[in-house]
Each structure stands twice: as structure tokens, then as C-alpha cells.
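> Keeping their order, the protein sequence lines are chains A and B. If you want our numbering, it's the position in the first sequence, counting the first as 1, plus 4. So in our numbering, spot 17 of the second sequence is number 9, and the numbers just go up one at a time.
Possibly wrong hints are sitting among the right ones.
Restricting the straight-line Cα-Cα distance to at most 25 angstroms, the calculated cross-link-like pairs of lysine to aspartate or glutamate (DMTMM-like) are [unchecked claim]:
| no. | chain 1 | residue 1 | chain 2 | residue 2 |
| --- | --- | --- | --- | --- |
| 1 | B | 75 | B | 120 |
| 2 | B | 177 | A | 131 |
| 3 | A | 53 | A | 120 |
| 4 | B | 177 | A | 79 |
| 5 | A | 126 | B | 211 |
| 6 | A | 126 | A | 60 |
| 7 | A | 68 | B | 173 |
| 8 | A | 126 | B | 219 |
| 9 | A | 53 | A | 73 |
| 10 | A | 53 | A | 148 |
| 11 | A | 53 | B | 23 |
| 12 | B | 177 | A | 75 |
| 13 | B | 177 | A | 83 |
| 14 | A | 126 | B | 120 |
| 15 | A | 126 | B | 213 |
| 16 | B | 75 | B | 173 |
| 17 | A | 68 | B | 182 |
| 18 | B | 177 | A | 39 |
| 19 | B | 240 | B | 154 |
| 20 | B | 177 | A | 70 |
| 21 | B | 240 | B | 16 |
| 22 | B | 177 | A | 59 |
| 23 | A | 126 | B | 135 |
| 24 | A | 126 | B | 154 |
| 25 | A | 68 | A | 83 |
| 26 | B | 177 | B | 74 |
| 27 | A | 150 | A | 131 |
| 28 | A | 150 | A | 73 |
No wet-lab data here; the hints were simulated from the structure. Just so you know, these numbers come straight off a predicted model, no measurement behind them.
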Amino acid sequence: MNRVAILAALILSACGAQDAPLISSRMISGDAIVEPLTKTTGDAIRGEKLFVSREEGHCILCHKVDGLEAEFQGDVGPDLSFVGDRFNAGQLRLRIADYQLVRPGALMPSYFRTHDLHQVGKAYVGETVLTAQQVEDIVAYLADRKTSDDDA
Amino acid sequence: MIRLAGLVSITLITACSATTEVSDVPELAAEDIVSASVFLNSETRALQEDTFANPGYLWVDRGEALFSQPPAAGPACITCHEKGLRGVAATYPAYDENIGQVLNLEGRINQCRVTQQSEPAWTFESDELLSITAYVANQSLGEPISVDVNGPARAVYEVGRDYFQTRRGQFNLSCQQCHTENWGKRLRGDTLSQGHGNGFPAYRLEWESLGSLHRRLRDCDTGVRAEPLPYGDPLYVALELYLAERSKGISIETPGIRR
């Protein structure tokens, strides 16, 4: 028992200190992170701006949302116009934070993760793409993308 | 206990290795292989084909002048290559037996600069090196790419393939994911091409200049927020060899015009 614990610690330390996942298995239930990452509730309006902004989320690089005012939305990832019909906030949170936890090998980048990455640019080492609050803002925006909503 | 130790050391290696690739990696089907120029709009493509209007020919012309101009210390390129170098660029990168290394076209040219002409190597992206590389590559215009990856170049080719398939950067994406698995799709304003090197050195409208393939590779690495490699890095040369083998059949377009 003892030996196994030591070996487990060895495995962890061999990968470097900053390799501890930001999303621990305790935070996940099923395919969702049910608890918000921050105390401040996500703001859908800020979320929409982040979704478009080149310097921040820039999700339109790969996704499109009908009615969103932005030129040249990508189609490498699925259309998210009605993603709120498919997923609740907790499911969206996990998919944005680290899609690889849903499906290893997924193409979708992990926006709230710093571990097990390779050749990361000097300016970004140890940093997540989005802050926890920004993830919450985008979750709020996407959770509203439902067929019944006509606020586009 | 021995078994446990062995198992753990394997776990150690796999847990920390950078590559998280599955074994069954898709490849481009031979009949699908196309140059990035098929994704350009018709005006840009017409510009590429017009040898008078294509701005890349400014470099080609300067390269042609350099080719026949003797440097201070040694003979001109043309002294050794009287008949020019038609077809040669289509076989690069290639293994050089004298130095036991795979060289790309720029590396080959600099090798001649140093050993045959007793001149210092030109720096990457200098006007001279871009010009002469563009000139030599342009002599293979329309020639199908055909590199040798058997024999001593094999190991280098495999290193390049690994680089292509490894996810990297803060965005954790590989060349493979964009250029083999998603070509033809829209990434914002761009249509993802298959990522071939056949147009390089190419004139990129975004650069407002001619640039080398390594400059393009640095842009792609920077795009996923990975640390780009230095110009001429052996890993980029290996990647270039993999790209060339992967683009077998399509032909040289230098100087290409790209967005």
C-alpha cells in the first residue's frame, strides 16, 4: 500500500509541479462540472464579446452562431446556434474548460488547463487561455443559445 | 515487486510523454492531395501564374543575378552549375553524404557558399538567401515533388512526422489536426489547406514580402501559442522533409502567392 503511494507520488513529481490539473476529478460528475468556477455569476453579454474577440475566446475561429454579428465564422467545430438545447451549463463548463476530459483526442482546445501541454510559448507558460470568470461568462452566453430563445 | 516497478516505469514514461497520439493516425489519400493554390480566389491564383505581375519574381530576378555574379573570394554559382539547376529543388530536403546530414534548399545553398565560395553563410530571411532560393526553386516550376526518404534520410523523416503529429502550444493542436483531418474547412477567414510546402519561398499578402517555408511554420506554431523554433532548426528541416514526402505528386509553384 505504502509503496504504491510512494510510486504514485513519483509519477506526479516526474511530470513537474505545474502539472496538477486545474479541474480535479472531484469537480466532475458525469460529463459536467456542476459547480460554477467562480462566485460571481457568468455574464452572457460579456460572454458574447469573449466568444467573438480575437484576443480572448475567439471561438468563432472554429464555430458559428446564427445571428451573431461577426464576419467569417469558422466551421472546424460544430454549429453552436442551439447548443443550449443539447447541453446544460455544467456540461458546457466541462467542454470549454477541458474537452479532453469528455473525449480524449478531441480537437477542441482546453481553455482552462495548464497541465500536460507541450512546447507552450514562453509568454503563456502556466497560464490558462481564459480566466475562470471568462469561462463562466461564455457558459452563460452559450446556455442561452436555445431554439425557444429569440433574443439573437 | 519487479513487475510493479516495471509497470510503473512504463506509466512514468507514458504519463509524462508529450505525445498523446492514438496509434491509428489518418493520412492524406493520394487522390486527395492538392496544392493550397486551389483554395485561393481566382484573382490571387491568376496573379501567381502571371510572371510579370507576381511580385515574387522580383526576388527570382535578383536571385538569377546573384547566381551568375562571382563573390569576392570564390567562383559564381553558375561556374559549377552551367546548365542551371532545373529539377533539383523538387528533390529537397535531401541527405548530404559529405556532412552526413539532411539539408533543405537554403542549407544546401549556404553549404556551397561556405565550402565552394569561401563566403560566410547568408542569414535566414536575408534578401540574398530568399532571392537565390526562390530562383533555384523556380527552376523546378511545375516539377512534381519527389524526395528520397529511404536510406539515411529515413530517421529524419520520422522525426518530422512526429513533429507534425504532436499536439503543442497553449491551444494544444497538431499540424495533423488542421492540415490532414480538417483541410477544406473554414478557420475564420481562411480555408484550411493541406499544409504543403510547394509554393515556398512564397509571397504572402499578410507579410507584404517573400518568406521562407520556415517563416510559415513559425507562424503556424505561433498561432497555437507554441514557442516557434529558430529559422533553420534541424527539427523544421525534418518537418520539411516529411511535408515534401507527404506532398508527393503535386508540383513546385515557387514563387507562390498566399493570403
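> Compare the structure with the hints numbered earlier in the document and write down the numbers of the violated ones, lowest to highest.
Of the numbered hints given earlier, those the structure breaks are 2, 3, 11, 14, 16, 18, 23, 26 and 27, listed in rising order.
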